[in-house]
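As they're listed, the protein sequences go chains A and B.
The opening position of the first sequence corresponds to residue 1 in the working numbering, with each subsequent residue numbered one higher.
The opening position of the second sequence corresponds to residue 1001 in the working numbering, with each subsequent residue numbered one higher.
Worth double-checking, as some hints may not be accurate.
Partial pick of chain B residues on the chain A-facing surface, computed with a CB cut under 8 Å [said to hold, decoys possible]:
(1) Leu-1073
(2) Glu-1075
(3) His-1076
(4) Lys-1091
(5) Phe-1117
(6) His-1119
(7) Leu-1150
(8) Gly-1152
(9) Pro-1182
The set of hints was computed from the structure by calculation and includes no laboratory data.
Computed from a predicted model, the values in this text were never measured in an experiment.
The beta carbon of each residue, even a glycine, is placed where N, CA and C say it ideally should be.
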Amino acid sequence: MLYIIKTALELGFLYAMVPVALFISYRVLDIADLTTDGCFVLGAAVSVMMAKAGHPILGIPLAMLAGVCAGFVTAFLHTKLKVPSILSGIITNTGLYTINLMVMGWSSNQSLLKQNTIFSMLKNGLKKSNVLIFEKITDWYAVILSAVIVIIFALLILAFLSTRLGLSIRATGDNLDMVRASSINPAFTITVGLCIANAMTALSGAMVGQYQKTVDINSGTGIVVIGLACLIIGETIIGRRPFFKGIIAAIIGSIVYRVIYAVVLYTKVLPVEFLKLITAIVVALAIAFPAIRKWFSFQGKKINHSRGKGGKDNA
Amino acid sequence: MLDLINVSMTFNPGTPNAKQALSDFSVHLDDGDFVTIIGSNGAGKSTMFNAIAGTFFVDSGSIKLGGQDITYLPEHKRSRIIGRMFQDPLKGTAPSMSIEENLALAYLRSGEGFSPFSHISNRDKQEFREKLSLLGMGLEDRMKQPVGLLSGGQRQALTLLMATMVTPKLLLLDEHTAALDPGTADKVIELTKDIVNKNRITCMMITHNMKQALEIGNRTFLMSNGKVVYDVKGEERSKLTVNDLLDKFKAGTGQALDNDRMLLS
Chain A
1 MLYIIKTALE LGFLYAMVPV ALFISYRVLD IADLTTDGCF VLGAAVSVMM AKAGHPILGI
61 PLAMLAGVCA GFVTAFLHTK LKVPSILSGI ITNTGLYTIN LMVMGWSSNQ SLLKQNTIFS
121 MLKNGLKKSN VLIFEKITDW YAVILSAVIV IIFALLILAF LSTRLGLSIR ATGDNLDMVR
181 ASSINPAFTI TVGLCIANAM TALSGAMVGQ YQKTVDINSG TGIVVIGLAC LIIGETIIGR
241 RPFFKGIIAA IIGSIVYRVI YAVVLYTKVL PVEFLKLITA IVVALAIAFP AIRKWFSFQG
301 KKINHSRGKG GKDNA
Chain B
1001 MLDLINVSMT FNPGTPNAKQ ALSDFSVHLD DGDFVTIIGS NGAGKSTMFN AIAGTFFVDS
1061 GSIKLGGQDI TYLPEHKRSR IIGRMFQDPL KGTAPSMSIE ENLALAYLRS GEGFSPFSHI
1121 SNRDKQEFRE KLSLLGMGLE DRMKQPVGLL SGGQRQALTL LMATMVTPKL LLLDEHTAAL
1181 DPGTADKVIE LTKDIVNKNR ITCMMITHNM KQALEIGNRT FLMSNGKVVY DVKGEERSKL
1241 TVNDLLDKFK AGTGQALDND RMLLS
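Build out the structure end to end from the sequences listed, making use of the hints.
Here's what the structure looks like:
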């Protein structure tokens, strides 16, 4: 049981920046950013290749910078060339497949063998520290490191979103007319928002890559839907208002999702291959919920209406 | 102050739907003018506002504001010196953000002295409070609430405050009280007069209320088919009645004024 919780916390924090990124793009900017899948692999590829070259720490900021570039391409296509936002993401995502292969040295997967990662560095550091309390938590090194990174960046984003630039970005997703009337250039705010969101996705990829000591060209498939599922799960648990709850919801949702994943994996109530289908159904239902509720209330109205008429006819 | 010189704008050119919304349109406003504008449906009133505000770039002609040529200045840059309000109260404010945050965004129009990473300071909040209390709607005690919770009239009053918070060179009001109930509309009109007079803002207001068009401001335009057919101010205007205005319109265009929202009261 403890093992399940530990695994869930590790993966929950490692992947948490993906729902945080989607919170920025999907909730704040109101853009479904499909760059996410490719951007996640890009982050992982940059970070693993850097670790392979002996620079695991430098690999993290570089991966984020690569993510910023990916976000910029999507934003440029959307704001300047007027490509619809979903298509912009898909185009960038498709292009990233080749870029990712290029980063990985034209190989579809790359693994770390004896090279250090940020995780192994912390693990060794804790072991050698000769401080009892540090040695005791050595097993939890991955949870600690990923949690610290996630919390730092979550706080930074929260602080950023209440700055004047942050407010402008939030207003862009809220009321575009008002933004233009307030001397804000929406092309600029959308670009900044997408760059930050993709930096966060790449950060998550970078952490996952070094943690698993491997990167695969297909490891990002479906990440965007899983991220949305995490965000929606989190929002269901802790709510959406005031808006800063969204970031906390993203992180909590990511952990809850991984708890569910771990339980399914270890108890084998379902073959684990089913998870992506279930995730997709959960996301579709959650996003469709308002429409479904409306349809049911409309059907109810129709039934009441015909009943009312029937009653009169009988009388 | 404001000059539109031979401005023309055709929508959907070269198609059967082509519509010349402004044709060789010229108008000059003096500093401090408050112009009310009435006209039939499709006369080009809102198109003129859109041209001035930069929603689109005009086909030909030039637009100058305060000596600066703004013909090809993008919309978001023009909004630094032009305040604008629409009929729809939902258009001017961001619903999921708080009153305070909306005001902070409006304050960005002053342009200088703000780092993009600065937060709303206590001094800003104090200033927002003072300005909100001028509206007399008790909004100063609800600064943390999302704007989406306010009524249409409150949102429109807030939008007015935001549009004039950093005094604009020109204020464009596009039937900004038309969607409000009569009582609230009166209140917003009073606020508009107060703020415009106090800050001596040059202002243009589209209205469908002919009486209001003659009472407020110092000048009135009658518009038809993308042109100003009657421009009146001073003594001639003060003697004018609503019926005179209808006659003028007929004389200027050869047809009766046709606006489905027109109020003659």
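Outcome of the hint check:
no., hint, result
1, Leu-1073, "11 Å, violated"
2, Glu-1075, "5 Å, holds"
3, His-1076, "5 Å, holds"
4, Lys-1091, "5 Å, holds"
5, Phe-1117, "5 Å, holds"
6, His-1119, "6 Å, holds"
7, Leu-1150, "14 Å, violated"
8, Gly-1152, "15 Å, violated"
9, Pro-1182, "26 Å, violated"
Hint violations for this structure: numbers 1, 7, 8 and 9, all remaining hints satisfied.
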